[in-house]
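Number of protein chains: 2
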Amino acid sequence: MTYSKTENFDQNSRDIAKVCKALAHPARIAILKYLAEQKVCISGDITTEIPLSRTTVSQHLQELKNAGIIHGEISGTRVNYCLCKENVEMVKSLLNGFLENINKNTVECKK
Amino acid sequence: MTYSKTENFDQNSRDIAKVCKALAHPARIAILKYLAEQKVCISGDITTEIPLSRTTVSQHLQELKNAGIIHGEISGTRVNYCLCKENVEMVKSLLNGFLENINKNTVECKK
DNA sequence: GTTTTATGTCGCAAACATACGACATTACTA
DNA sequence: TAGTAATGTCGTATGTTTGCGACATAAAAC
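Here the protein sequences line up with chains R and U, keeping their order.
Following the working numbering, the numbering of the first sequence begins with 144 at its first residue and continues without gaps.
Following the working numbering, the numbering of the second sequence begins with 144 at its first residue and continues without gaps.
No wet-lab data here; the hints were simulated from the structure.
Every clue listed holds true.
The list makes no distinction among identical chains, and a pair is therefore deemed to hold if it is satisfied within one copy or across any two copies.
In the BS3-like style, the derived pairs of lysine-lysine whose C-alpha atoms are separated by at most 27 Å in a straight line are:
1. 247 - 182
2. 176 - 247
3. 208 - 247
4. 208 - 182
5. 182 - 228
Model, not experiment: these values are computed from the prediction.
Turn these sequences into a full structure, and let the hints guide you.
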C-alpha cells in the first residue's frame with residue numbers, strides 16, 4: 144500500500160531521478176572520477192582506491208552499470224570497466240536540459 | 144558498525160552526491176519543474192499537481208529546501224516557494240564541472 | 001472568540017540502500 | 001587436475017527513505 148509511486152510521474156522526470164540516484168553516493172562519484180583519471184579502463188582493483196570492501200565496491204559498480212554510465216568488459220578473470228561515451232553524454236544532456244529549464248524562473252534568495 | 148562511511152570521501156564527491164540525492168526522486172523533479180513553470184512562486188497547493196498526499200509533498204519540499212535548491216517565504220498562512228537563483232546555478236556548475244571532467248576519458252560502448 | 005485554511009511535525013509501516021563476510025564461479029597456471 | 005586469482009552473488013544486519021494518517025500551530029475570516 145505504501146511506497147513506490149514512481150510510476151505516477153512522467154518518463155522524463157523518472158529518467159532524471161534515476162540518473163541522479165545512480166550518482167547519489169560519494170563512493171560512486173569517486174569511482175567515476177577514478178575511471179576518468181585512468182588512461183585505460185581499469186579492473187576491479189578499484190577496491191584499493193576506495194575505502195570500502197570489495198563486495199561493496201562491486202555492488203556500486205553494478206549500480207553504475209545498471210544506470211548505463213559504465214560498461215564492463217570481461218578479459219580472462221578480470222573485468223575492465225570504462226565510462227561509456229554515449230551514455231555519459233546522454234546523462235549530460237539530460238541533466239543540462241533539466242537544469243537549463245528550471246533556471247528560467249528562479250528568484251534571488253538572499254538567505 | 145555498518146553503513147554510512149561517507150566521511151571517508153572527499154568534499155567535492157560528497158557535495159555532488161548530496162545534490163544528486165536531492166534530485167533522486169521523480170516527485171522532487173516534478174515539483175521543481177512545476178515551480179519553474181509558474182510565473183510567481185507557488186505555495187503548497189503543489190499537492191494538487193502531484194499524485195501524493197500533502198504530508199508527503201511537504202516532506203519532499205523540506206528536502207529540496209535542505210539541499211538549498213528552493214526557498215520558502217511565509218506569507219500569512221501560506222508559504223510561497225520558489226527556486227533559488229544562486230543555488231540552482233551552483234548546482235548547475237557543480238554537476239557540469241563533474242560531467243565535463245569525467246567526459247574526457249570515455250570509451251565507445253556499442254553495448 | 002470560534003471556525004476555517006494552510007502548513008508543518010510525529011510516529012509508524014513498508015520498501016530500499018549500504019556494507020560486508022562467506023560461498024560460487026571462472027579462467028589462467030603450473 | 002589441483003591451485004590461485006579476480007570476480008560475482010547470497011544472506012544478513014543495520015540504517016535511510018517514502019508515504020501517510022493524526023495531531024499541532026498559526027494566521028485570517030467571520
